[in-house]
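Asker: Sequence:
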Amino acid sequence: MRAVWIASVANIDWPSKAGLTVDLQKQEMEELLDLAKEYRMNTVIFQIRPATDALYYSSLEPWSQWLTGVQGTAPDPLYDPLQFTAEQCKKRGLDLHVWLNPYRAVADTLRSSVSENHPIRQHPEWFVKYGKTAYFNPGLPETRNHVAKVVADIVRRYDVDAIHFDDYFYPYRIANKEFPDQAAFEMHPRGFTPDKKEDWRRDNVNLIIKQLNDTIKSINPHVEFGISPFGVWRNQHIDPSGSATRAGQTNYDDLYADILKWQKEGWIDYVTPQIYWHIGMEVADYAIIADWWSKNAYGCLVYTGQAFYKLNKKSKVRAWRSPKQIEKQIKLNRTIPNIGGSMYFSAKSMRHNPLKLKERMTKKVYKYEALPPVNLRIEQVVAEAPTNARMNVEKGKIHLQWEAGKNNKYFVLYKFRKGKPASIENAENIVRVTGQNSIIGEINRFTHPDKYYYMVTGVSKTNQESVSVFFRQE
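Its first residue numbered 1, the sequence shown is counted upward by one per residue in full-length UniProt numbering.
Simulated from the structure, these hints should not be mistaken for laboratory data.
Please note that the accuracy of each hint is not assured.
Straight line, CA to CA, 20 Å or less: simulated SDA-like cross-link-like pairs of lysine to any residue [as the list claims (entries may be wrong)]:
#, residue 1, residue 2
1, Lys90, Lys310
2, Lys217, Lys129
3, Lys331, Ala370
4, Lys37, Gly435
5, Lys313, Lys356
6, Lys310, Val365
7, Lys129, Lys197
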C-alpha cells in the first residue's frame with residue numbers, strides 16, 4: 001500500500017481555497033493525482049464528508065462550505081467532485097478510498113457556514129456541542145442510522161474501493177470538560193450502569209462500526225472498510241497489553257474506540273494507525289508502535305500512517321529535518337511481518353516536495369510502481385486477461401493497444417529484454433499502471449521492439465491480477 005490523504009476540511013489539500021472556479025478545482029485535483037503517480041503511489045484517500053456535509057451529490061447532507069465557500073451552495077457550473085475524482089483515478093490506475101468523519105457536524109459553531117438543509121437544523125436533538133464543535137450524539141440510535149444511510153448512499157452510487165474513517169470518534173478530551181451525553185445515557189443505557197458509562201461509550205462506537213460494515217458488505221461486498229485511528233491504542237502502564245508508550249490520550253481510554261475488537265470481529269478490513277512520530281521518540285517511538293500494531297493485527301491488514309507534513313529543515317526535532325526519516329520508516333516497515341505499506345498525510349506535501357522528498361523516495365525506496373494489496377477480508381473478484389494485445393511501430397513511435405478482459409479495473413504493462421524469461425513478480429519490469437487501454441511511446445534503446453518484448457495484465461476491483469498476455473506486432 002502506498003496511499004496519500006487528500007484532506008478537504010479547512011481546505012488543507014483540496015481545493016486550495018473555497019470558491020475556486022470549477023475548472024480550477026478540476027485542475028488542482030488532476031495535479032494532485034498526477035503527483036501521486038510521480039511519487040509512485042497507488043491509492044488516494046479523498047475526504048468527501050468532513051463535517052456532515054458533502055463534496056458529492058447528496059440528498060442527505062448539504063454541499064460543503066470548503067468547496068464553494070457557503071454550505072449548501074452547489075458548484076457552478078454543476079458537477080460532482082467525487083464522480084470526477086473517481087474517473088480521474090481510474091484513468092491513472094489509482095485506487096480510491098473515500099474518507100468520512102462519522103460524528104463531526106459543525107467544525108466551528110461560531111464561524112462555520114451552516115445551511116438550512118443541514119441535519120443539525122432539521123434534527124437539533126441529535127447533536128451536542130463540545131468546545132467550539134457540534135457533534136452527533138453517539139449514544140442515539142438515530143445517529144448510527146443516519147451515518148449508515150450516508151455510507152449506503154455512497155457505496156450504492158459510486159465506484160469506490162473503500163470507505164475510510166479517521167481518528168475522530170468521540171472527540172479528543174478538553175481539560176475539565178465532560179462530553180455532554182448524560183441524557184442519551186439515561187435514555188438508552190442498554191443495560192450499562194452509571195459506573196460503566198465509559199464501556200457504554202465504547203459500545204456506542206462498536207455499534208456504529210458493526211452497522212457500517214454490515215451496510216457496506218450488504219450493498220457491495222467488494223468494498224473495503226478501513227479505519228485510521230490515533231497511533232496508540234492504550235499505554236502499557238494502564239494496560240499490560242498496550243504499547244510501551246506514554247501518549248497523553250489514547251483510542252481506548254479517551255476516544256472510546258476499541259480498535260482491536262473491530263479487528264478481531266472482522267468489522268474492519270484494514271487499520272492504519274497514525275504514527276506521526278519519529279523513530280526513537282521517547283514517549284511514542286515509531287518503531288515500538290509499528291511493531292505493536294503488527295503483533296496485534298488479528299488478521300487485519302495493517303498500514304502505517306506517516307507524516308509527510310512534519311518534514312521541515314527548520315523543525316525543532318532533528319529527525320524531521322531530512323527525508324531520511326520517512327525512508328527509514330519505510331525500510332523498517334519492510335522488516336515487520338504484518339505491515340503491508342504506508343499512508344501519508346497529506347497531499348499538499350507532495351506539491352511542496354519538502355527537502356526533495358520525491359527525489360529521495362523514488363530513487364531509494366519507491367524505485368518501481370507497486371500494486372495495492374489484495375485484502376482477503378472482502379469478497380474477491382477475479383480478473384480475466386486482456387485480449388487482442390497488439391503492437392504497431394511507425395514514425396519512431398511504439399503504439400501498444402489492448403482490449404479489456406472481464407473484471408478489468410486497470411492494467412499493468414510489463415517490459416522484458418528478449419532472451420530473458422518473463423516474470424510479472426518483479427516490479428522492475430513494470431512500465432506503467434494505467435486505466436487506459438493504449439500507450440504510445442518513443443522508440444529508443446530502452447524501448448526498441450528488437451530488444452524488448454511486452455506483456456499486459458488486467459487487475460480486478462479487488463486487486464487480483466490476471467495472467468499476462470504477449471503483444472503481437474502488426
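Asker: Keeping to a limit of 20 Å between CA atoms, is the pair of Lys310 and Val365 held or broken?
Answerer: Answer holds: Lys310 to Val365 is near 19 Å, not above 20 Å.
Asker: Next pair to validate is Lys313 with Lys356; report whether the Cα-Cα distance is within 20 Å.
Answerer: holds (11 Å)
Asker: Run the distance test for Lys217 versus Lys129: straight-line Cα separation, threshold 20 Å.
Answerer: violated (32 Å)
Asker: Between Lys129 and Lys197, is the straight-line Cα distance small enough, at 20 Å or below?
Answerer: Holds. Lys129 to Lys197 sits at ~19 Å (cutoff 20 Å).
Asker: Lys37 and Gly435: Cα distance at most 20 Å?
Answerer: Given that 20 Å is the threshold and the Cα spacing comes to 12 Å, the pair holds.
Asker: Below or equal to 20 Å on CA atoms is what counts here, so check Lys331 against Ala370.
Answerer: holds (15 Å)
Asker: Lys90 and Lys310: Cα distance at most 20 Å?
Answerer: Roughly 30 Å separates the two Cα atoms, so the pair is violated.
Against the hints set out earlier in the document, violations occur for numbers 1 and 2.
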